[in-house]
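Enquirer: Residue strings, one per chain:
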Amino acid sequence: MTLLDRLEEARRAGDYQAFTDAVPYARFLGLAIGQSGDELITTMRYADHLVGNPALPALHGGTIGALLECAAIFELLWRAETIVLPKTITLTVGYLRSGAPVDTHARGVVTRHGRRVTNVRVEAWQADRAAPIATAHAVFLVMRG
Amino acid sequence: MAEEPDREQRRLRLVRGFFESIPHNRALGMELVEMSHAEAVFRLPYDPKLVGNPDSGVLHGGAITALLDGASGVAVFATLAEIAPIATIDLRIDYLRPAEAGRPVLARATCYKMTRNVAFTRAVAYHEDPADPIAHAVGTFMVSTKRGAARP
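Protein sequence lines, in the order shown, are assigned to chains A and B. Quick note on numbering: the first sequence equals residues 1 to 145 in the numbering used here. Quick note on numbering: the second sequence equals residues 1001 to 1152 in the numbering used here.
A few of these clues could be false.
[Stated by the list, open to error] To give an idea of the chain A side of the interface with chain B (calculated C-beta under 7 Å), a few residues:
(1) Leu3
(2) Gly34
(3) Ser36
(4) Gly37
(5) Ile41
(6) Gly62
Derived by calculation from the structure, the hints in this document are not laboratory data. The C-beta atom is built at its ideal place from N, Cα and C for all residues, glycine as well.
This is chain A alone, in the form it adopts within the complex (with noise of 0.2 Å):
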């Protein structure tokens, strides 16, 4: 089964999990979606693989900026604007705060949908949706169905 095809079938059963753990990367970060109400929320279960500063200790940057890339094509891809997986054109990351060794959530918000590129906004949260500690910029190449 392609992952395309998994993506229907995630889009038609209402289950994106199963989609996520078809993609290995995503499996290697321990993301977890959730639906709470509206809004789809991408969960990186905190793991000891994920430290970037042990004396902290503190998550790597990179695995910020990665959950934070994932939740916006996972957003993409759950309000059904695209028939082709989008292609990251550029990622911008700002880092707030140092990542706690726990679970870090993440929810993207589509703030423009065009013919050929998408705008998303992300944040990033820990015990503390208030007080994210990242955000991120992302462009995506797509094609809208």
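Please build the complex by placing chain B on the supplied structure of chain A, with the hints as guidance.
Expert: What follows is chain B alone, placed relative to chain A:
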């Protein structure tokens, strides 16, 4: 800027040891290829667990992000007289083309400006030729002289 060879070797060993003590770098399998003043080259071996699209076998952009972030951080370390904690403030990545399945990705990062508190970097990810890049990144890092205090 030439340093005595043994001092340079010591520094390289120190940075390599420090870098390899970081769990996520080990999990990715990142290897330090070379380091000179203000510059570092890393290699990310191809690994099926880092794949973003199982149909094509292409690495996920996130793995490239972590590689560029790590390489840029070490380029900052390479300009410091001694290792001090640093923290990424901001990182922008332009994805220029997909990485090819089955091939390692290299990253060359340069710290092109160091101020009292902030370091500025640029980096490219590529297979063989930095002039034919997969991704390009610019970053800023907070540099601390006190242990644990490098937070924006």
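Enquirer: Compare the structure with each hint and give your call.
Expert: Taking the hints in turn, this is what the structure says about them:
| no. | hint | result |
| --- | --- | --- |
| 1 | Leu3 | 5 Å, holds |
| 2 | Gly34 | 19 Å, violated |
| 3 | Ser36 | 23 Å, violated |
| 4 | Gly37 | 27 Å, violated |
| 5 | Ile41 | 18 Å, violated |
| 6 | Gly62 | 3 Å, holds |
In this structure, the earlier hints numbered 2, 3, 4, 5 are contradicted, and the remaining ones agree with it.
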